[in-house]
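Undergrad: Residues per chain are reported as follows:
Protein chains: 2
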Amino acid sequence: MNDLFLRACRNEAVERPPVWIMRQAGRYLAEYRAIRERGDFLTLCRTPELAAEVTLQPIRLIGVDAAILFADILLPLDAMGAGLYFVKGEGPRFERPVRSEQEAKSLAEIDPERDLGYVMETVRRVSKELAGSVPLIGFAGTPWTLATYLVEGGPSKNYANLLAWSYSDPDGLRRVLSFVAKGSARYLSAQVAAGAQALQLFDSWGGILSAERWREIALPSLLQVIENIEGDVPLIFYVNGGSHLLPVLRDLPVQVLSVDWRIPLDQARAIVGPDKVLQGNLDPGALLGSKEEIVSRTKAMLAAGAGGGHIANLGHGILPMTNPDSARLFVDTVKNSATG
Amino acid sequence: MNDLFLRACRNEAVERPPVWIMRQAGRYLAEYRAIRERGDFLTLCRTPELAAEVTLQPIRLIGVDAAILFADILLPLDAMGAGLYFVKGEGPRFERPVRSEQEAKSLAEIDPERDLGYVMETVRRVSKELAGSVPLIGFAGTPWTLATYLVEGGPSKNYANLLAWSYSDPDGLRRVLSFVAKGSARYLSAQVAAGAQALQLFDSWGGILSAERWREIALPSLLQVIENIEGDVPLIFYVNGGSHLLPVLRDLPVQVLSVDWRIPLDQARAIVGPDKVLQGNLDPGALLGSKEEIVSRTKAMLAAGAGGGHIANLGHGILPMTNPDSARLFVDTVKNSATG
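In order, the protein sequence lines correspond to chains V and Z.
For the first sequence, the working numbering begins at 119 and goes up steadily by one.
For the second sequence, the working numbering begins at 119 and goes up steadily by one.
Honestly, the hints are just simulated from the structure, not real lab data.
All residues carry an ideal CB built from backbone N, CA and C; glycine is no exception.
A couple of the hints might just be wrong.
[Said to hold, decoys possible] Some but not every residue of chain Z turned toward chain V, in silico, with C-beta under 7 Å:
#	residue
1	S328
2	G359
3	H362
4	I381
5	A404
[Unchecked claim] In silico lysine-lysine, DSSO-like type, Cα no more than 30 Å apart, as pairs:
#	chain 1	residue 1	chain 2	residue 2
6	V	K453	V	K246
7	V	K275	Z	K275
8	V	K417	Z	K275
9	V	K206	Z	K206
10	V	K275	Z	K417
11	Z	K275	V	K206
12	V	K223	Z	K409
13	V	K275	Z	K206
14	Z	K223	V	K409
15	V	K246	V	K300
16	V	K409	Z	K275
[As the list claims (entries may be wrong)] What follows is a set of in silico ranges between Cβ atoms, one per label pair, in the way DEER data are often shown:
#	chain 1	residue 1	chain 2	residue 2	range
17	Z	M439	V	D384	40 to 50 Å
18	V	G435	Z	D289	20 to 30 Å
19	Z	R214	V	E130	46 to 56 Å
20	Z	G207	V	R446	37 to 47 Å
21	Z	P288	V	R368	33 to 43 Å
22	V	S274	Z	D393	34 to 44 Å
Could you put together the complete structure from these sequences and hints?
TA: What follows is the structure, given as structure tokens:
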């Protein structure tokens with residue numbers, strides 16, 4: 119059994135950094151695209167047999183040290199009644215965006231096994247298939263990041279509606295984020311009950327807030343999620359574009375901070391201190407370079423991370439145009455490293 | 119004559135910080151929307167009479183201390199032959215994206231007065247109308263930021279094509295950025311010759327690079343622009359999402375660094391040192407809050423900037439949904455401050 123990833127999450131001494139890749143189950147794999155041809159993205163998420171299959175593909179094909187559930191961060195908001203759909207080439211949309219505390223009253227409390235049972239079934243299937251060969255990571259978006267989609271109704275350039283709400287009625291927004299947090303904590307707890315052995319919280323858009331405002335607006339509901347997760351599993355917090363938030367993240371009660379490629383790991387560690395395990399952070403674009411570049415940049419990343427607990431990963435999701443050979447080379451370069 | 123802005127750019131002692139607003143000529147103004155109804159965005163840019171009129175509106179309506187040319191950063195790339203057009207609700211597109219040094223051979227060298235004469239005519243009209251009442255700022259995008267649009271063919275989520283190029287053929291990319299820089303320097307020099315009294319360089323997407331890669335890939339062509347501008351006017355460098363770049367920007371040969379809202383001005387100043395004037399950096403979202411909030415947050419921003427040269431502004435463009443009264447309140451709050 120390969121429990122290297124879990125030991126690294128707990129900041130135990132490990133023989134080498136474990137490695138996995140954000141969006142490792144995805145379009146860069148021909149085997150994934152073949153399954154996607156059989157249905158749209160949401161159908162894939164909602165069909166446990168297929169979702170389990172694509173979750174397992176990168177274990178077999180790329181050799182990563184952990185599996186991550188194939189799902190979408192917006193599924194719980196759909197289960198709450200916001201009406202998720204996807205527009206080809208443009209990404210997710212909500213039929214019923216929520217832009218006030220009043221409008222949020224239309225959101226329903228979720229029972230994960232009832233409303234998102236297909237996710238739990240995927241977790242159970244993957245756990246059974248993996249049979250302990252590598253750990254399975256579950257995940258959710260943070261309430262703030264979920265709110266960017268729920269309030270704007272989809273991806274946004276400037277988050278104008280959410281910002282307007284955050285300045286005009288911060289208390290109301292915090293109450294709605296708290297409502298989302300309650301559902302998220304249940305959802306994550308159910309993933310753990312179904313077999314997830316670690317959880318990653320994606321704050322993809324936390325970085326649009328200053329540190330002061332992130333602490334005021336985004337942190338309370340995030341803490342609520344963290345405090346209400348049932349089950350003793352390591353927590354990973356990922357933030358994109360959040361170098362300026364690191365001084366605050368130092369105190370976040372999670373074992374692992376996953377950082378993007380914008381700041382070297384040694385600089386990040388100098389800010390967050392020695393107690394946090396760092397995850398990341400090769401630029402996903404680096405996998406589009408030559409083999410020599412991939413090896414040298416991966417080694418440089420490992421050297422920058424060597425000053426403390428480190429889980430190798432990219433700094434963001436792998437790009438769809440990446441050659442799977444390059445993903446394998448990244449993984450093998452980490453595997454062949456020895457931290458001695 | 120109100121030359122407060124120019125004196126502040128030169129880091130001279132001033133009676134109060136000058137104030138202007140990025141995108142101050144824009145959709146939040148009913149008077150702008152009225153003119154936009156007479157033609158699309160590109161027609162407005164290319165009609166000096168109208169472009170001059172919208173450039174002047176915020177001077178009259180909001181009371182800012184500087185005018186900024188109404189134009190688009192992508193106009194020079196269109197003049198080079200890339201074929202700019204706008205898709206309603208989605209932003210700019212290029213008919214002929216450039217993804218290799220070979221493809222870049224189709225780009226033509228520009229003669230600003232011949233190919234972008236309408237911009238220079240706008241500058242001349244505005245200069246004449248202003249008659250020295252406030253200074254006029256000209257601008258251009260940095261070669262790196264222009265390349266994000268030129269290579270991707272429009273706005274992008276992950277800049278995959280540009281990143282691929284930057285890793286697979288960095289020397290070729292640098293040569294193309296240098297070609298763009300040559301045109302940009304001519305374009306900016308022509309703006310100065312026509313009457314622009316300061317220049318702002320927009321690096322809207324510099325922040326997607328780590329500091330090391332920004333220095334390797336984006337900086338050489340930026341320096342080429344700066345070194346080849348003819349005319350002695352203050353230079354302002356704006357970067358969005360670039361808190362992690364500040365240690366490198368310390369040495370950039372510009373008078374003013376314009377920063378976004380993610381990091382307080384006193385923290386930015388601690389990194390870039392006392393020689394740089396800072397411009398910014400109220401969160402544009404703050405203008406969507408109550409009057410009391412706008413005043414208190416503007417004062418807090420002024421206090422954070424008071425440790426050195428400071429030009430008050432937002433940290434990014436004003437949001438289209440902003441009430442003009444709120445923009446005026448922001449400006450008046452700065453004007454009523456005394457740095458004594």
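Undergrad: Compare the structure with each hint and give your call.
TA: Hints and how they fare:
1. S328: This interface hint holds because 5 Å falls under the 7 Å limit.
2. G359: This hint holds: G359 of chain Z lies near chain V, its Cβ roughly 6 Å from the closest one there, short of 7 Å.
3. H362: The hint holds - H362 of chain Z has a Cβ within 7 Å of chain V, the shortest such distance being about 4 Å.
4. I381: 5 Å, holds
5. A404: 6 Å, holds
6. V:K453 - V:K246: 25 Å, holds
7. V:K275 - Z:K275: Holds, because 10 Å separates the two Cα atoms, which is no more than 30 Å.
8. V:K417 - Z:K275: 27 Å, holds
9. V:K206 - Z:K206: 17 Å, holds
10. V:K275 - Z:K417: Holds: K275 of chain V and K417 of chain Z sit about 27 Å apart, inside 30 Å.
11. Z:K275 - V:K206: Within the cut-off at roughly 14 Å; holds.
12. V:K223 - Z:K409: 28 Å, holds
13. V:K275 - Z:K206: Satisfied, since the Cα-Cα distance of roughly 15 Å is no more than 30 Å.
14. Z:K223 - V:K409: 28 Å, holds
15. V:K246 - V:K300: With a Cα-Cα distance of about 28 Å, the restraint between K246 of chain V and K300 of chain V holds, given a limit of 30 Å.
16. V:K409 - Z:K275: 25 Å, holds
17. Z:M439 - V:D384: 40 to 50 Å: For M439 of chain Z and D384 of chain V the Cβ distance comes to about 42 Å; the hint holds.
18. V:G435 - Z:D289: 20 to 30 Å: Holds - the Cβ-Cβ distance for G435 of chain V and D289 of chain Z, about 28 Å, lies within 20 to 30 Å.
19. Z:R214 - V:E130: 46 to 56 Å: Cβ of R214 of chain Z to Cβ of E130 of chain V: about 55 Å, so the range 46 to 56 Å holds.
20. Z:G207 - V:R446: 37 to 47 Å: Holds: the Cβ-Cβ distance is about 40 Å, inside 37 to 47 Å.
21. Z:P288 - V:R368: 33 to 43 Å: Hint holds: Cβ distance 35 Å, inside 33 to 43 Å.
22. V:S274 - Z:D393: 34 to 44 Å: Cβ of S274 of chain V to Cβ of D393 of chain Z: about 37 Å, so the range 34 to 44 Å holds.
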